[in-house]
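J.: Please build the complete structure, drawing on both the sequences and the hints.
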Amino acid sequence: MAQQIQVALLGNPNTGKTSVFNRLTGLNQKVGNYPGITVEKKEGVCNLSRGKKAHILDLPGTYSLNASSIDENQVIELLLNKNDKDYPDVAVVVCEVENLKRNLLLFTQIKDLKIPTILAINMADRMTRKAISLDIPALEKALHTKIVLLSARNNEGFEALKTQIEQFKNLPMTPCLDTTVIAPEYFDRLAKTYPAQDLYKLWLVITQDVNFGKLDRTGVSGPISFQTESISTLKRLQQKETIKRYQFINDTLKTTMTVNVAMAKDFRSRLDRVLTHHVWGYVIFFAVLTVIFQAIFDWSSYPMDFIDQTFAQMGEWVKQNLPKGDFTSLLAEGVLPGLGGIIIFIPQIAFLFLFIAILEETGYMSRVVFLMDRVMRRFGLSGKSVVPLISGTACAIPAIMATRNIENWKERLITILVTPFTTCSARLPVYLIIISLIIPQQRVLGLFSLQGLTLTFLYFLGFASAIFAAFLLDRFLKVPSRSFFVIEMPNYKLPMAKNVLITMVEKTKSFVFGAGKIIFAISIVLWVLASYGPGEFNHAPEIIDQRNPDNTLSVAARNAAIESFQLEHSYIGIMGKAIEPIVSPLGYDWKIGIAIVSSFAAREVFVGTLATIYSVGNDDEQTIRNRMAAEVHPLLGTPRFNFASGVSLLLFYAFAMQCMSTLAVVRKETNSWVWPAGQLIFMTTLAYVVAFITYQILN
Amino acid sequence: MDFQNVLVGLTFLAALLFLLRKFIWIPITDSRKKSLGTLDGGKTKCGSDDCQCH
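Taken in order, these protein sequences are the chains called W and Y.
Here the first sequence stands for residues 1 to 699, numbered as in the working numbering.
Here the second sequence stands for residues 1001 to 1054, numbered as in the working numbering.
I should point out that these hints are in silico values taken from the structure, not numbers from a laboratory.
Nothing here was measured: the structure is a model prediction, and the numbers come from that model.
Watch out, some of these pointers could steer you wrong.
[To be verified] Okay, the calculated beta carbon distance ranges per label pair:
id, chain 1, residue 1, chain 2, residue 2, range
1, Y, L1016, W, L445, 49 to 55 Å
2, W, S133, Y, T1029, 58 to 64 Å
3, Y, L1016, W, Y282, 47 to 53 Å
4, W, R129, Y, L1020, 56 to 62 Å
5, Y, A1014, W, I681, 32 to 38 Å
6, W, R50, Y, A1014, 46 to 52 Å
7, Y, L1020, W, Q313, 32 to 38 Å
8, W, N99, Y, L1016, 43 to 49 Å
9, W, T207, Y, A1014, 49 to 55 Å
10, W, T174, Y, T1029, 45 to 51 Å
11, Y, L1020, W, D550, 47 to 53 Å
12, W, L445, Y, A1014, 51 to 57 Å
13, W, N626, Y, L1016, 29 to 35 Å
[As the list claims (entries may be wrong)] Listed below are the simulated SDA-like cross-link pairs for lysine to any residue, each with C-alpha atoms no more than 25 Å apart in a straight line:
id, chain 1, residue 1, chain 2, residue 2
14, W, K319, Y, D1002
15, W, K509, Y, L1020
16, W, K324, Y, T1011
17, W, K509, Y, K1022
18, W, K319, Y, A1014
19, W, K235, W, I346
20, W, K53, W, A160
21, W, K101, W, K324
22, W, K201, W, R189
23, W, K517, Y, N1005
24, W, K319, W, E631
25, W, K577, Y, L1019
26, Y, K1022, W, M683
27, W, K324, Y, G1009
28, W, K509, Y, D1002
29, W, K517, Y, F1018
30, W, K410, W, R378
31, W, K85, W, V205
32, W, K244, W, V181
33, Y, K1022, W, E568
34, W, K324, Y, I1026
35, Y, K1022, W, A677
36, W, K324, Y, A1014
37, Y, K1022, W, I681
38, W, K509, Y, L1019
39, Y, K1022, W, E631
40, W, K42, W, S661
We treat Cβ as the ideally placed atom computed from N, Cα and C, and that holds for glycine.
T.: The structure is reproduced here in structure tokens:
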């Protein structure tokens, strides 16, 4: 196989780097992690001409090579380590045409590392509309590079980019800036001490105050006679370097670029004024959220009904067509209902991620982050905490990992601890099934679905709890320092269908496969525990007949009595009965208790567990919702899921820390069991107390 | 014990092993990995090949 050209795709955040990556690689991409850490690593293969291929590595977005977070470090580690298998033959730096000045800082730094570099100016389709003109030949000459104008939206310029990648050996290696001018005496000393080293590489190694994992320092750690400078001097020199670079960029763009600023900023600033307004901004944001949750309920009901019916029919088919026996029952009553319990929620999860992707793509999410920063600061959180909290609506695990870009340890710790309060997508199946059981399908003001409004309320409750908990933690943890908040405000743009769809598919896939395997395994274990038991379990028919000596029961009633007796005396029944005294004050029976305990593996397991438990011996009701609706209180004869127990259950899940994986991540990120243990105890106690009070009042 | 019972037993065992591995074995082995303090006051794992702690 011919050797692939190693391409590193670099750029500032919000330059459309991911769109460029998607255009170059299509679906030939895979997402993983960098070894030992949890920074996402995206790579793919791009087909060039004559059967040649390029391996494209989409590196985390960074503003410069002066890293301050773990994901930015990945960029520097790679570019400074020639022995890394991913070390690029050529770097493609993606810049946005409207923010060229700022974006070029990173370009000049990479260029000075003497790596063949192509400058890809993205969003070039806006140049006419924004009255931007570029003198490409002059710019190429000034920057010693080849420039490609791209439009990821219109799929323009990619052939030219591929050609430049193929011809990377022709790219000039001349640096943009002579770094030694910032401190000639210091660099002279450096050059004398390390004559074999590249000075700019050396300078970057010295100025980074981080752990360069893979960086090979053997070549620079020899002489001990070198008199280094103090940290404050090095920082000052770094600032001087940045200023010099901007001077160079300014001078270059002065002669090669013209922009009609007035026209370019008009529409955007007017829209920003409304969307980030201290009143209207929040009103619009809440309206957007309400519309999203309404849509999640209304649009997904049809595919959900279809999936539910399909699984019910599959269960029936298995029962009727496979040989009778325990394994057939396991498939029909354990595996299929368990899997159905997760697959049924694919439409809603997909819609949720679709809307989140659209909000991000349009640039609105950045305005929301800016807007919410005003609120966050009052509660001891950083503006950067907004991103994990909003990401937490998908899953708390990547959201907690996303806190790594919060420099201040206290703010990061608070964010880690409160993020599990936000309503993650795993809570969604639980909420949806309970809401559909206890909230009537009514319209409010003839427009809003009452069920949708309930879901909206639960999302707000999640955010409010997170913020309130942060407020308490801010008072409890006394660390005076604060970090600053800088956010990129990207231009508004129409979302690209391809990007939105890729995000939606990837996130839904990871939700289904991540949770699906656990649910699958738990369904099997639960079915076995519910279908076998010790002692009386095996003598159920005789015991029922003894209790009914007159034989007054019909065949169906006798069978139902036997199945009910067996379930109660099965292994799971015994375990459930043991925890029933704890959960009964909240309005739950032992079956719900078992579902709560098993959902500690992952919240969405709750629905699958109930589906499995209610399936054992239940031939009348086929769909999950119907089975749950048909469950009655044995003493009162009323529905088990009534308003009081339903609301109690909703609130229990709103506050409870029902996720083992999240605890493991908190342990990993804080390197201590103290924080996750405290988090578990606090959230579970809060959930129990709130659910108890709610049930006792409503009942 | 018929063939279907054997299949149930094997499936049950496989499911149980999967869950034990995921929720007990992996977290235990993960927590034993060496960790290193970072300048921001946090800690970072060294990774399976220790590369993050050099």
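J.: Go ahead and decide if the range 46 to 52 Å is satisfied by the Cβ distance of R50(W) to A1014(Y).
T.: holds (48 Å)
J.: Between the alpha carbons of K509(W) and L1019(Y), is the straight-line distance 25 Å or under?
T.: It holds: about 21 Å lies between the C-alpha atoms, which stays within 25 Å.
J.: Do the beta carbons of R129(W) and L1020(Y) sit within 56 to 62 Å of each other?
T.: At roughly 60 Å between Cβ atoms, L1020(Y) and R129(W) fall inside 56 to 62 Å, so the hint holds.
J.: Given the hinted pair K319(W) and D1002(Y), is their alpha-carbon gap at most 25 Å?
T.: Roughly 18 Å between the alpha carbons, so the hint for K319(W) and D1002(Y) holds.
J.: Within 25 Å, alpha carbon to alpha carbon, are K1022(Y) and I681(W)?
T.: With Cα atoms ~22 Å apart, K1022(Y) and I681(W) stay inside 25 Å; holds.
J.: Regarding the pair K324(W) and A1014(Y), is the alpha-carbon distance no greater than 25 Å?
T.: Holds. K324(W) to A1014(Y) sits at ~22 Å (cutoff 25 Å).
J.: Quick one, are K509(W) and D1002(Y) close enough, alpha carbons at most 25 Å?
T.: violated (38 Å)
J.: Sort out whether E631(W) lies within 25 Å of K319(W), counting only the CA atoms.
T.: With Cα atoms ~22 Å apart, K319(W) and E631(W) stay inside 25 Å; holds.
J.: Are the Cα positions of K53(W) and A160(W) separated by 25 Å at most?
T.: holds (15 Å)
J.: Holds or violated: 32 to 38 Å for the Cβ distance of A1014(Y) and I681(W)?
T.: holds (34 Å)
J.: State, for the Cβ atoms of L1016(Y) and Y282(W), whether the hinted interval 47 to 53 Å holds or is violated.
T.: For Y282(W) against L1016(Y), whose Cβ atoms are near 49 Å apart, the range 47 to 53 Å holds.
J.: When you take the CB atoms of L1016(Y) and L445(W), is the distance between them in 49 to 55 Å?
T.: At 52 Å between Cβs, range holds.
Comparing the model with each numbered hint stated earlier shows that hints 8, 19, 21, 28, 33, 34, 39 do not hold.
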